[in-house]
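J.: Residue numbers (our numbering), protein chains in the order written: chain A, 1 to 115; chain B, 1001 to 1116.
Just so you know, these hints were derived from the structure itself, not from any lab. This one's a predicted model, so the numbers in the text were calculated from it and none came from an experiment. Note that the Cβ used here is the ideal one computed from N, Cα and C, for glycine as well. Mixed in with the good hints, there may be bad ones.
[What the hints assert, rightly or not] Straight-line distance between alpha carbons at most 20 Å, and here's what the computed DMTMM-like set of lysine to aspartate or glutamate pairs gives:
{"no.": "1", "chain 1": "A", "residue 1": "K40", "chain 2": "B", "residue 2": "D1008"}
{"no.": "2", "chain 1": "A", "residue 1": "K19", "chain 2": "A", "residue 2": "E67"}
{"no.": "3", "chain 1": "A", "residue 1": "K40", "chain 2": "B", "residue 2": "E1088"}
{"no.": "4", "chain 1": "B", "residue 1": "K1108", "chain 2": "A", "residue 2": "E67"}
{"no.": "5", "chain 1": "A", "residue 1": "K41", "chain 2": "B", "residue 2": "D1008"}
{"no.": "6", "chain 1": "B", "residue 1": "K1061", "chain 2": "A", "residue 2": "D85"}
{"no.": "7", "chain 1": "B", "residue 1": "K1049", "chain 2": "B", "residue 2": "E1015"}
{"no.": "8", "chain 1": "B", "residue 1": "K1049", "chain 2": "A", "residue 2": "E84"}
{"no.": "9", "chain 1": "A", "residue 1": "K41", "chain 2": "B", "residue 2": "E1088"}
[Unchecked claim] For each label pair, taking beta carbons as the anchor points, the in silico distance ranges come out as:
{"no.": "10", "chain 1": "B", "residue 1": "A1017", "chain 2": "A", "residue 2": "K52", "range": "46 to 52 Å"}
{"no.": "11", "chain 1": "B", "residue 1": "T1030", "chain 2": "A", "residue 2": "F51", "range": "23 to 29 Å"}
{"no.": "12", "chain 1": "B", "residue 1": "S1070", "chain 2": "A", "residue 2": "T7", "range": "41 to 47 Å"}
{"no.": "13", "chain 1": "B", "residue 1": "I1060", "chain 2": "A", "residue 2": "K52", "range": "28 to 34 Å"}
{"no.": "14", "chain 1": "B", "residue 1": "S1018", "chain 2": "A", "residue 2": "K41", "range": "28 to 34 Å"}
{"no.": "15", "chain 1": "B", "residue 1": "T1055", "chain 2": "A", "residue 2": "H79", "range": "30 to 36 Å"}
{"no.": "16", "chain 1": "A", "residue 1": "G28", "chain 2": "B", "residue 2": "P1116", "range": "26 to 32 Å"}
{"no.": "17", "chain 1": "B", "residue 1": "E1020", "chain 2": "A", "residue 2": "S62", "range": "41 to 47 Å"}
{"no.": "18", "chain 1": "A", "residue 1": "K52", "chain 2": "B", "residue 2": "P1079", "range": "42 to 48 Å"}
{"no.": "19", "chain 1": "A", "residue 1": "G3", "chain 2": "B", "residue 2": "S1070", "range": "46 to 52 Å"}
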Amino acid sequence: ETGVTQTPRHLVMGMTNKKSLKCEQHLGHNAMYWYKQSAKKPLELMFVYNFKEQTENNSVPSRFSPECPNSSHLFLHLHTLQPEDSALYLCASSHGLAGYVDTQYFGPGTRLTVL
Amino acid sequence: AQSVTQPDIHITVSEGASLELRCNYSYGATPYLFWYVQSPGQGLQLLLKYFSGDTLVQGIKGFEAEFKRSQSSFNLRKPSVHWSDAAEYFCAVGAGSGGGADGLTFGKGTHLIIQP
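Based on the sequences and whatever the hints tell you, model everything.
T.: Structural data, given as structure tokens:
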């Protein structure tokens, strides 16, 4: 595997379900990101991790819970979601070098549908 | 806070014609600027980026962009488009807080349609 991978690619869940999205980067990066892409809206940054520590939570509802066990893996745990949470969830990674805005490399995304 | 405006939601161009996609940003200091492309069902692929130095930057697939500080713009250009260039194009700005991992602020995107 190369680059940034995300599983599953598609997910349909009910509002009472609990599911998790997985992201893995094979680039040796230290920073990982979750973005939400909804129709007709700009990509929205959700969470940032750098060296496994959460450095940003962009006022995301608590029904979204991120986890970063190591610099290569990032999870997004989902529970009691709402239909408006249906979107494409994109994971990205970067080197995470201090004092520098590095290029972010994106995965293919997980298309989430909440019924 | 920074912001990005892509004024054109859709652009239609004939194959072989030239292309310019507009991007305006708002940020107090020197910005880090990016153009990404997204094909249907895919993630975002970096086309090019500007950090400093030469204001005309070259990217992949024959794209280039010019940073104009006086106009707060970073427009993307291609001299001759191909049918495979049909996609969604996103301009983004990074703030560079110094911590090393800053989220990007994206525009709403421009949907490029190529006419045969």
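J.: Taking 26 to 32 Å as the hint, is the beta-carbon distance of A/G28 and B/P1116 inside that range?
T.: violated, 42 Å
J.: In this structure, is the beta-carbon distance linking B/I1060 and A/K52 contained in 28 to 34 Å?
T.: holds, 31 Å
J.: Measuring from beta carbon to beta carbon, are B/S1070 and A/T7 in 41 to 47 Å?
T.: holds, 46 Å
J.: Against the 20 Å threshold, does the CA-CA distance of A/K41 and B/D1008 hold or violate the hint?
T.: Holds. A/K41 to B/D1008 sits at ~14 Å (cutoff 20 Å).
J.: Need the status of pair A/K40, B/D1008: alpha-carbon distance at most 20 Å?
T.: holds, 13 Å
J.: Does the Cβ-Cβ separation between B/S1018 and A/K41 fall within 28 to 34 Å?
T.: holds, 29 Å
J.: Is A/K19 within 20 Å of A/E67, Cα to Cα?
T.: holds, 13 Å
J.: Does B/E1088 sit within 20 Å of A/K41, going by the straight-line distance between their CA atoms?
T.: With Cα atoms ~13 Å apart, A/K41 and B/E1088 stay inside 20 Å; holds.
J.: If you check the beta carbons of A/K52 and B/P1079, does the distance land in 42 to 48 Å?
T.: holds, 45 Å
J.: So if I understand the rule, the pair passes when the alpha-carbon distance is 20 Å or less; does B/K1061 with A/D85 pass?
T.: violated, 34 Å
J.: Can you let me know if the beta-carbon spacing of A/G3 and B/S1070 is within 46 to 52 Å?
T.: violated, 37 Å
J.: Just to be careful, I want the Cα atoms of B/K1108 and A/E67 compared with a cutoff of 20 Å; is the pair within it?
T.: violated, 28 Å
Violated hints, listed in ascending order, are 4, 6, 7, 8, 15, 16 and 19; each of the other numbered hints is respected by the structure.
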